[in-house]
Amino acid sequence: MVLLTTVIKDKVLGAVKAQLLERSNEIIAANAKDLAAWRGDDQAMYDRLIVNDKKIKLMIKAVEEIISDSDPVGNIIYTHTHPNGLKIENRTAPFGSVMIIYESRPDVTIEAAMVAFKSNNKILLKGGKEAVHSNRILVDCWHQALTKNDLSTDWVQLLELKREETQAFLKNPNRPLDLIVPRGGEGLIAFVKTHAKCPVLISGRGNNFLYVHDDAPWETTVSVIINAKTDKISACNALDKVLINKSLPQLSERLDQLLEKLEEANVIILIDGAVSDALQGKEIAGQDLSSEWSEEYLAMKIAIGLVDDQEEAVTLINQYSGGHSAAIMTQCKEEARLFMDSVDVAAVYHNASTRFTDGGQFGLGAELAISTDKLHHRGPLGLHQLVTNKWYVFGNGQIR
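First residue of the sequence shown? That's 14 in this note's numbering, and the numbers climb one at a time after it.
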């Protein structure tokens, strides 16, 4: 593994930025071919496929943030001096070669590659066929930037493989491969875990829950639910489930109000029998939601149920959520802390929308993915998380 200097890495990233600025019309035209060829019915995936002026500006901003960020490689994490005089250091180090498998999302081609590159990792990009034209031109932007700085284009590679070819590659890669990050649905993740021979870092599904405590600030609660559900339905941090404490004051009136706001936002609403029974101004049939609790919608759809207490809410969340994000709405800091300590997810919220689970929003800059694994990292996987560690031991002839 050749360690590049921070200066050369930032020069390459600056050249990528210049390519995005100079070739924005070409990029949008290539993306138009992908949009014209779209034959699916998944609105969330289509939305993620779009590249326009706004999306390119966001890519450029992400590149600028990575350039301004410090180098994550070679930082000393721990030091120790052995009684015999050995000087021992633990430092951050690159993984080596990282593969990311993703669907739609051409912006990932820029953002994932720049996080990998500045952390001194080579990256293999396996994008979906629905974004083939977009990904080709964006990878060419990378190759132009690398070539301009006398570096091999092997640092950023686009793999155009069919499903069977991908399976064969995962089982027997023809080049070094140290880590795989699949970004997509449960089917994709299961496929990669089944066939990969190297570590897989799971960028899991969302299926995020929000629990409404009986002392929740109601107007704020409604605002948070609407935002978390409707702001961006294609995002893995969008809200899918709401659990409401049965002891919430003015329960019937407040349920009517919440459902009205969701209907105004064109959200499809599923409710359990207890919610249906509690409604006054609305007649909506309740149903058994047991088959719904584990489903991630990625659509304008939400499921709402009543629970006896916070303990029941935590149990449901830990059983059915994707391990991504969860929120509690309450005025009681003690109850909030108990909930946040008990819920087994990567990011927990008190009185705020789950839509903030994002590398940029957390101050990490661009992210490679949002990990729902517990090893080696959990949550947004940004520049300073895409490194491993390495021990450096300095001696003068010590023996044991």
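These are calculated hints, taken from the structure and not from any lab test. Fair warning: there could be bad hints in the mix.
Quick list of the computed label-pair ranges, beta carbon to beta carbon [said to hold, decoys possible]:
| # | residue 1 | residue 2 | range |
| --- | --- | --- | --- |
| 1 | G200 | Y59 | 16 to 24 Å |
| 2 | F407 | K175 | 29 to 37 Å |
| 3 | I101 | E173 | 41 to 49 Å |
| 4 | E324 | K142 | 20 to 28 Å |
| 5 | P230 | R52 | 50 to 58 Å |
Here are the simulated DSS-like cross-link-like pairs (lysine-lysine), alpha carbons at most 25 Å apart as the crow flies [claimed, not checked]:
| # | residue 1 | residue 2 |
| --- | --- | --- |
| 6 | K184 | K67 |
| 7 | K245 | K68 |
| 8 | K46 | K184 |
| 9 | K142 | K184 |
| 10 | K210 | K245 |
Here a beta-carbon is modelled for each residue, glycine too, at the ideal position from N, C-alpha and C.
Verification of the supplied hints:
no., hint, in the structure
1, G200 with Y59: 16 to 24 Å, "holds, 18 Å"
2, F407 with K175: 29 to 37 Å, "violated, 50 Å"
3, I101 with E173: 41 to 49 Å, "holds, 45 Å"
4, E324 with K142: 20 to 28 Å, "violated, 46 Å"
5, P230 with R52: 50 to 58 Å, "violated, 46 Å"
6, K184 with K67, "violated, 39 Å"
7, K245 with K68, "holds, 14 Å"
8, K46 with K184, "violated, 32 Å"
9, K142 with K184, "holds, 21 Å"
10, K210 with K245, "violated, 35 Å"
Checked against the numbered hints listed earlier, the structure breaks hints 2, 4, 5, 6, 8, 10; every other hint is satisfied.
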